[in-house]
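Chains as they are written, first to last, in the numbering used here: chain B, 1 to 355; chain E, 1001 to 1400.
Bear in mind the hints are in silico, worked out from the structure with no lab data behind them. Honestly, I wouldn't trust all of these hints.
Only pairs whose alpha carbons sit at most 20 Å apart, straight line, appear in this in silico SDA-like list of lysine to any residue [unchecked claim]: (1) E:K1310 to B:R19; (2) B:K188 to B:S202; (3) E:K1310 to B:G125; (4) E:K1143 to B:Q144; (5) E:K1310 to B:T20; (6) E:K1310 to E:D1397; (7) B:K188 to B:Y348; (8) B:K13 to B:A143; (9) B:K5 to B:T20; (10) E:K1310 to E:V1388; (11) E:K1143 to B:K185; (12) B:K188 to E:Q1233; (13) E:K1143 to E:Q1233; (14) B:K185 to E:N1313; (15) B:K185 to B:G125; (16) B:K5 to B:E274; (17) B:K2 to B:K13; (18) B:K13 to E:A1314; (19) E:K1310 to B:R17; (20) E:K1143 to B:G125; (21) E:K1143 to B:R133; (22) B:K13 to B:L30; (23) E:K1143 to B:R19.
As a plain string of letters, each chain reads:
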Amino acid sequence: MKAFKALLRSELKVLLRDRTTLLLTFLLPLVFILIFGFVMGGEGGRDSSLGLVLTSNSDAQVLREVLAHQPSLHTVDFPDEDALLLALRDRRVDFGALWDGSTLTFVYDPGRVQDQPALTQVAQGITADFDLRRQGLDHVVYAQRFHVGREAAARWLNMTVPAIIAFSILSAGMFAVAGHITAMKERKILDRLTVSPMHPVSFLLAVVCVRMVVVYISTLITLFTSLAVFNVDLVVDWPRYTLFVAVATLGMMGLGALITLLVRRPSSAANLAEILAMGMMFLSGIFFPVEIMPGFLQTLSRALPLTYMAEALRYTTGVVDMPPHRFLAITATLASLAVVLLPALGRYVVRPQRR
Amino acid sequence: MSALCYLGFTGLLTALRERVTLFWTLLFPVLLFVLLSSIFGQVGEQGALRLNVAFVNLDRGADTGFAMAVETLFESLSVEGEDGRPPVFTLHRPVSDADPRRFLEDEQRALAYGRRAAVVVVPEGFSQEIGGALRRPGELAGKLHVHYSQGVPSSELAAGVIDQMLAELDRALLAQAGRFDEDLAVRTAIQWAGSEGHNVGYIDFLLPGVVLMAFFTTGLFGVPGAILYARDQRILRRYWVTPLSIPRYLAGFGLTILGMCVLQLTVLWPLGRFALGARVSFAAAWPAAYLALAAVTFLSFGFLVASLAKTANAGQAIANIINMPMLFLSGVFFPVADLPSVLQAMVYANPLTYLVDGLRTSLGVGAGQFAPWLTLAVPLGWISVSAVVTSRRLHWDVGR
C-alpha cells in the first residue's frame, strides 16, 4: 500500500510537470467549446435575415405581409441591388429577394453554401405563400409542427458540449497508455522499474487512478465553462455521469493498450492513437450529425466507440432520451474493453522491448 | 543554386519517407476533403438522404378522400420514381390490424430516441376540413400533424420536405377547384452574389479552403517539428560544421516546404476537379499568387512558432493549441460571423482569414469580404513580423 501511494504521488508529479499533456487535457476541450460555441451558434438559434429590394409596387404590399408572417425571419429593406449585394458580402443579411413585379429572385451568398438547404426551404415557403396571397387565397392544407423529445436537443451547443467531453475522455484515456506508458517504455524507464520491487499492477493502477481523477476534473471544467459562458441547458445526472466518465476513461485506456500492443515501436502507438482520435472526431457525430452523413459513413460511425460515448454523455447530461438498457449496454461494453485489455498491458510493462 | 535544390529535394524525400508526415500532410487533407464533401456536398439534395418517417392515418370518417390522397403522396415518395428519382422516405406504417394510437405512441418514442426523422399523423376530420376550406373560402384549413425533433438535422429536413409537399398539394387542390390560376403563379429565379452568374457548389467553396488548410498544417507542424527536432537531436550542429550557412540552410528548407505545398495542390486539385466535381481553376495569375503567398506566410508562421518554443515537444504543443482556433476562426470550412469582439479580433488578426477570402474571390467563389489590398497586406505583415521575431529569438543550436 505504501509503495502504491508512492507510485500515485510520483505519477501525479510526472503529470503536473508535463505541460504538453496538461495543455492538451485541460485547454484543448475548452478551446473547442469556446470556438465552436461562438462560431456555430453559442448564442442559440437566431432568425434568418432577408434583404429585400422592391423595384415595382405591384403586389409589393402582399409580399411584405407574406414576409412578416414567416416564422423566424426578419426583413431588411435595401434601396437597390448593389446595396443588397454589399450587405450580403458583409454578412449583414443571410440572403436576399428582388421583386420586379413579375419575378421573385432570391439572391444567395455562395460562401454560405452549407446554409443553402435551410435558406432554400425558407425561400420555398415564401414563394408558396406569396403565390396564394397574390390571388387572394388561403391555404386549404398545411403542416402543423409538434416538437417531440427533450427541448435541450434543439440547441446545437447542448448536443456538442457532451460530445466534446466524450472526445476529451477518448483522447486522454488513449494517450495515457499510447502516449505516456509507451514513452516510458521507449526511454527504458519501465525496464528500470521492472528490476525494482514494484509490481506492474501497482504501477498501472497508479496511472489509472491519477488519469481518471485528472480526466474527471477536466470534464467538470469543460462542463462548468460551458454552463457559465454559453448557458447551455444541461441537467446532469451526477451518479450516472460520474460512473460513465470513470468507465469510459478506463475503456479508452483499454483501447490505448490495444493500439500499444498492435504496433511494433512504442513511439508509433502515439501516432496511431492521434490518427484514430482525429478520424473518430470527424466521424462520430461530434460536429456533424451522423444522420446527415452518407450511408457508408453512417455504418462506419456506428462501429466507433466515440459515437456511443457521445450518445451516452448526452443522455447523462439530459440532452437526449435513451432507453436505460442501451446506456447500460454502452457502459458495460466500455468496462469490458478495460477488463479485457488492461491486464494485457501489465504484461507489456514487464516485457522486454522488441528490437 | 544546385546545392539549394538538392537540399530542398532531400528534405522533401525525407519528409515523404516518414509515414506520419505523409499522413498529416497528404492523406489527412484528402480524407477530410472527401469526408466534408460527402457530408455537406449533398445536404438538401433529393436522394442524398433517405428519411425514416412514420405515417398514421387516423381519419376514418365517411369522407376520407383527401386523407387517402396525402397517404398516396407519401407512398409515392417512399419508392423510386418512374423518372429514376430516388425515394425520399422510408415509410413506417401500422400493420392492418394494429391499433393506430398504440403505433403512434411507439413511433413518437422512436422519434424521441432518434430512430425516426418525423411522425406524420392525419388527424380525424382532416378530409372534412379540407373539403370545407375548398368549398367555403375562409374556413379552417386541414392540418397535417408533423411530429419532429427541433434542431435534429434529419428531422428538420423531413419537416421541410413535408412542408414543400403540402405546398404543392395545396396549389394542386386549389387549381383543381378552379380557384388558383397557374398562369398567374409567381416566377422565381436564383442569383449567386459575386459569382458571375454561375451556381457555386460546396465543393468549390471547400476546395480552396482545404488546400490552404493543407499548406497551413505543413507550415505550422512541419517547420517547428523539423527544425526543433533537428536542433534537439543535435543534427543541426552537424550541419554547422560544414560550409553550409544558416541562410542557405533556410532557403533549402523553404524549398522543401514549398515542394510539399506543390505536392498537396497536385493531389487535391485533380481530386476535387475530376472526382468530386469542383469547377474552380487555380491555373490563373491571381489564384497562383495567393497560393504562393499562403505557402510563404505559413512557412514564416511555422518559424515564428519554432522561435517561441524551447523544445520540439513544446513546439508541437503550441502548434496543436493554435491549429484549431486558427482554422475555425478563418472561414476555411464554415463562414464566421456574429462573433463576440475578442473572437472577432482573432478572426481579423488571422492571416488565414485574408488568404481564404482573397483566394476564393480570385477563383470566383463569392464576393470577397475584404478589400483585395488587405488580403495581401495582412499576410505580408505576418511574414515581416515572423521574420523579425525569428531572426531575434530562434536559436540554431542547443545551448547556444
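Item to complete: Hint by hint, work out which the structure violates, then give me just those numbers in ascending order.
Response: Violated hints (numbers, rising): 3, 8, 9, 11, 13, 15, 16, 22 and 23; every other hint is consistent with the structure.
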